[in-house]
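Based on these hints, arrange chains L and G on the given structure of chain X.
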Amino acid sequence: MSTPLHLHEDRLFPADPAVRQIARRLYAEVRDLPILSPHGHTDPQWFAGNAPFGNATELLLAPDHYLFRMLYSQGVDLNELGVPSRRGPSNANPREAWRKFAANFYLFNGTPSWLWLNYVFAKVFDLKVRLEPSTADHYFDVIGEKLATDAFRPRALFERFNIEVLATTESPVDTLDHHHKIQSSGWKGRVITAYRPDAVIDPEHEQFKDALQRFAEITGEDVYSWKGYLSAHRKRRADFAKAGATSTDHGHPTAATADLSPVEAQRLFEKVTSGKFTPTDAELFRAAMLVEMAKMSEEDGLVMQIHPGAFRNHNRWLFETFGRDKGADIPEKTEYVQALRPLLDRFGNSKTLSIILFTLDETVYSRELAPLAGHYPALKLGPSWWFHDSPEGMLRFREYTTETAGFYNTVGFNDDTRAFLSIPARHDLARRIDCVYLSRLVAEHRIDEDAAAQVARDLAYRLPKQAYKL
Amino acid sequence: MSTPLHLHEDRLFPADPAVRQIARRLYAEVRDLPILSPHGHTDPQWFAGNAPFGNATELLLAPDHYLFRMLYSQGVDLNELGVPSRRGPSNANPREAWRKFAANFYLFNGTPSWLWLNYVFAKVFDLKVRLEPSTADHYFDVIGEKLATDAFRPRALFERFNIEVLATTESPVDTLDHHHKIQSSGWKGRVITAYRPDAVIDPEHEQFKDALQRFAEITGEDVYSWKGYLSAHRKRRADFAKAGATSTDHGHPTAATADLSPVEAQRLFEKVTSGKFTPTDAELFRAAMLVEMAKMSEEDGLVMQIHPGAFRNHNRWLFETFGRDKGADIPEKTEYVQALRPLLDRFGNSKTLSIILFTLDETVYSRELAPLAGHYPALKLGPSWWFHDSPEGMLRFREYTTETAGFYNTVGFNDDTRAFLSIPARHDLARRIDCVYLSRLVAEHRIDEDAAAQVARDLAYRLPKQAYKL
Amino acid sequence: MSTPLHLHEDRLFPADPAVRQIARRLYAEVRDLPILSPHGHTDPQWFAGNAPFGNATELLLAPDHYLFRMLYSQGVDLNELGVPSRRGPSNANPREAWRKFAANFYLFNGTPSWLWLNYVFAKVFDLKVRLEPSTADHYFDVIGEKLATDAFRPRALFERFNIEVLATTESPVDTLDHHHKIQSSGWKGRVITAYRPDAVIDPEHEQFKDALQRFAEITGEDVYSWKGYLSAHRKRRADFAKAGATSTDHGHPTAATADLSPVEAQRLFEKVTSGKFTPTDAELFRAAMLVEMAKMSEEDGLVMQIHPGAFRNHNRWLFETFGRDKGADIPEKTEYVQALRPLLDRFGNSKTLSIILFTLDETVYSRELAPLAGHYPALKLGPSWWFHDSPEGMLRFREYTTETAGFYNTVGFNDDTRAFLSIPARHDLARRIDCVYLSRLVAEHRIDEDAAAQVARDLAYRLPKQAYKL
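Chains as they are written, first to last, in the UniProt record's numbering: chain X, 1 to 470; chain L, 1 to 470; chain G, 1 to 470.
Isolated chain X, as found in the complex (with noise of 0.2 angstroms):
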């Protein structure tokens, strides 16, 4: 009763035969080249230990709230999916929620989790009929019995995946072992980290006040003085660098900026350290923060990420079972002309500084950060991000910026996943749409082919290895 799983080669591209040809020519030319992962949330942990990965659901369903999210959505439980809870790890049997899945599997129709994960099936695990009630017993059979061979080890599908570096995401409260044990092994496998300080910046994360006390003992600064504090994250700073870091990334729920005067800084710092503080003392002191990293950044070379506009743990009852990340983040309306010109004032003609800007909401790709990033020198965008990283995100995403700030303002892909098996499916995604894009304007007469082949070249390698200093 089952049916065959095909990876048409041509997927993604036009349907018209013309541009479909060129499509194909442009896709060539990137098909093969290496993997850059300069943004991403995957575990340091499975490189420095590289033990086999578990079973289909522990890998592939329980971990990614893209997929338990839209269950979620139809009235599946999350414990029924194996993700755990406040209060332990799912109880569910891995197989039952393997069945489960593929009994929903439909729903993800239309979807970029579908092509990621018929990627992942056909293409790592040689899977050769679709995914549906009926082979969800083979799948996670085989699946199973792949993943305890060498072969799918993390470190061999590093390989194997032809990645060149791949960026993890840590707080400044790490201790950074896994980084450390990787680089030290001696595999060749590039594993960077990035400074991400949420925790210890943002006074209404519920980590703030344990970060800080962990940033207190993992620094020995005494960082709740601002001069301790401001000390402490040049530390932290130091240490990301020495473990590979070229890049720190801040997720504020808004874009704010603020340029205090060092005694406003100090006493607002007094103040969210107190615990004493309103959240407009909390919103203006991430943005003071955001000031505070660029100036360091100047310093150490960091090049900074912004990802604003996510409004975290939306569902309460959720939260306060589930946690984080269980696919309640929603994105919200952000504003970038007034909220980064503090930054900008300081910052934006700066050649060395480099700042690369995310968004949830796309109005803003052409009215806003096209047109900062194709005046301000400090600036480039990142790509679509998150809900947008999908075909129709990635084409919105050049159709709204490039005719302002060209692509050469642009970065080229993030993967920005914690799922390590879908890596070499996103960028193979990515690489398509641009490709997509492209050929569209080559058949219009809108580039010409040559220099379209070298945009195509410069996304997929150039750009990336460039913006994150790689």
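By construction, these hints were calculated from the structure, which means they are not laboratory data.
There's no promise every hint is true.
Output of the computed footprint for chain L on chain G, the stretches with three or more beta carbons under 8 angstroms from beta carbons of chain L [said to hold, decoys possible]:
#1 120-129
#2 338-350
On the chain X side, residues computed to face chain L include the following (Cβ under 10 angstroms) [said to hold, decoys possible]:
#3 L127
#4 P262
#5 V291
#6 E362
Quick list of in silico lysine-lysine cross-link-like pairs, DSSO-like style, CA-CA up to 30 angstroms [to be verified]:
#7 L:K333 to G:K333
#8 L:K333 to G:K351
#9 X:K333 to L:K333
#10 X:K271 to X:K351
#11 L:K351 to X:K333
The model shown is predicted, which means the values in this text are computed figures rather than measured ones.
Don't be surprised by glycine CBs; every beta carbon is placed ideally from N, CA and C.
Just chains L and G, lined up with the frame of chain X:
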């Protein structure tokens, strides 16, 4: 001097021959499915009385704000088009009004009204020539003659249109007499009502005071006490459910919701019914009533529809002279992520309550609505609405929502129309456009064709049936 | 080492062969129509003096912020490109600046500047090879030689470009000497002015104080009294009308309008001219002046253009160093529904006053502007503007506005440019894109081809002529 009128079989399908073939095959799956019309504004009196319609102007032009607003925007007076004012019926000669319309029909080039009307002309009235000045009288005569025949009475058309269910929309102070008459008539057509309580919920509605008075009379409740007011709602919801209603509908200026304590709610109720309230009070009361309505829906099972975002009666002079619904309602920015949180905190994780969201602000499709509906079990997305009930509008809806929410968090099509004769045209257009979107996905190997056919059938029939509990 | 430069006859047309055929046929209808340029920023001195233009850098690069801002965003100094600063002219060697530009011309891949420039290179200068580092000197030489010939003087180019009317834009404190000289010269070219009073209306404009002073001198009115100030406007509007003006233009930060009583207006005027005013006062004064301008337009018949939404001079250091119009104006969110209501309450139903709306915020096309223009007789929609004056931008404009407002509430194309030589390129691009949009409608049977041809002709010629009373 007339030109042939011809509905092309492939209208709205993509031009590329291979994609068009796919669209044709998908459309063949849904073309003949019965029509489910779960939300609209036809007049139940038509089906209760089954009297013949009047002439072309009275039936097609004077009541249709899509049409007369376009002519008005180009300097034609509403009175000339047969549109009644607050002072009474228009004194325009219906044939003259129709000629005026014919002379300006070119204004509709590129609009959905052009598509809908040509369908009505060709398929319903079997007209063979285009509407233009030289054929205006021919149209007026043919349409008038046909409307006088039994085959063009409301019930005959209802049957000819293959409508399985048609929902109208009534106010809580409506006696539902027409619906009772239909139910007891022995006619098999299923015409149901929907509970639209804006006039008794919105303190700023111009009918609020009168409506409350009638609300008291029709329910026998003390609607000036908070308890009696809620009881009156419960009673009328039960009456509506008996008259077939499966849903409620809420047309507020914003999507604001508020979960007040009983004491707060009662105080606020006293304020807004006293007549001494601020716009902020009115907004809060509407917000609180959405949560009250949700509570009742959890009990009685009526599906909630929320249609926010219209600035009603924007043209002051026109409103004073001609009244409501004269093409002068203008959309505004509409926020959902913060606005719906009180409602979702209480009911977002419910598997029994179903809330269908609509918007006039397309920027929220990918930013807010798809992420919300792609997570919360209680939420579904209504189709692209009103100004966006159009080929480009529908394509954008799919392009902006599918990758995050999939197809199965949407509910198929609503025609939402007063223009009874256009119902088949509108459903045909919606089915075609869904097939257009799917055909592109198939051609680009982003979905399998058998899955696409299943999605097309589900969107046309199964999903509205299920979402509206029909 | 050079590559041929070739403008493909089908550039910008859809790739699908059948649709391309339709686009070709539609374009043949409009290709050779005269150019109407009812809004732009060319320098009337060119046509008054008819002196030859200088070199490639002075004519094409240094004055064009579309070009130098892109190079600036990639780290090139403005001074190197021949851009003058507040301290005086650039000391860059023009040939060196041009080489710099040629070396970076790849940055414009995918942008409208690439399309416009290649048109200018190929069609105006008859260049046969692409601009690249190896051809930079060839370009500089050829362009310089041609510019020195009589055939490349401003009036000769004006005639060669088949321009029927060209509007420039002047401040109320401009003497209009160049226009008078053109008028009395016997030359038949029609170059008209437009009334752009921002400098005497916006209390926050850096020239406000000086401009008021000159406004007094040039009109002989007591412009520091409310009555005299209004009289000065009336006088100058009459002067402008005599110099051919048919329109006014208003470039405010927002679309706010306010209908104040004479007493309120006078008080506010006294406040803003005293120099002691808040940003709120300034905003209200600009808002009130839009209504005052509308009153005068009802009297003198000048069409009003409103161009809101740019945050001017966003880059503080650049503004202080280089001044205005240096590519650092960034769009912001812009609201129209509430903002325009005072103006529309007063004039929205007028059949004599005509107000043309523009936006830099594409989100308002379908949400606000199309519904407003599709209803109010006084409103029309200007074309996609500035950052959105591009193939994708124009297609989006049609896709987002046509279904609600139709084609006939729009006014054809404005080139809005200082770059005189690019005018034919820009109109050609606009005509092609309108044909692209129409060809898709024809191919999908959403419009009849003869109607589409009529629409194409109307957009290219009849509608701008009528809307701007040319």
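**Prompt:** Going through the earlier hints one by one, which of them does the structure break, listed in rising order?
**Reply:** Result: hints 1, 3, 4, 5 and 10 break, sorted rising.
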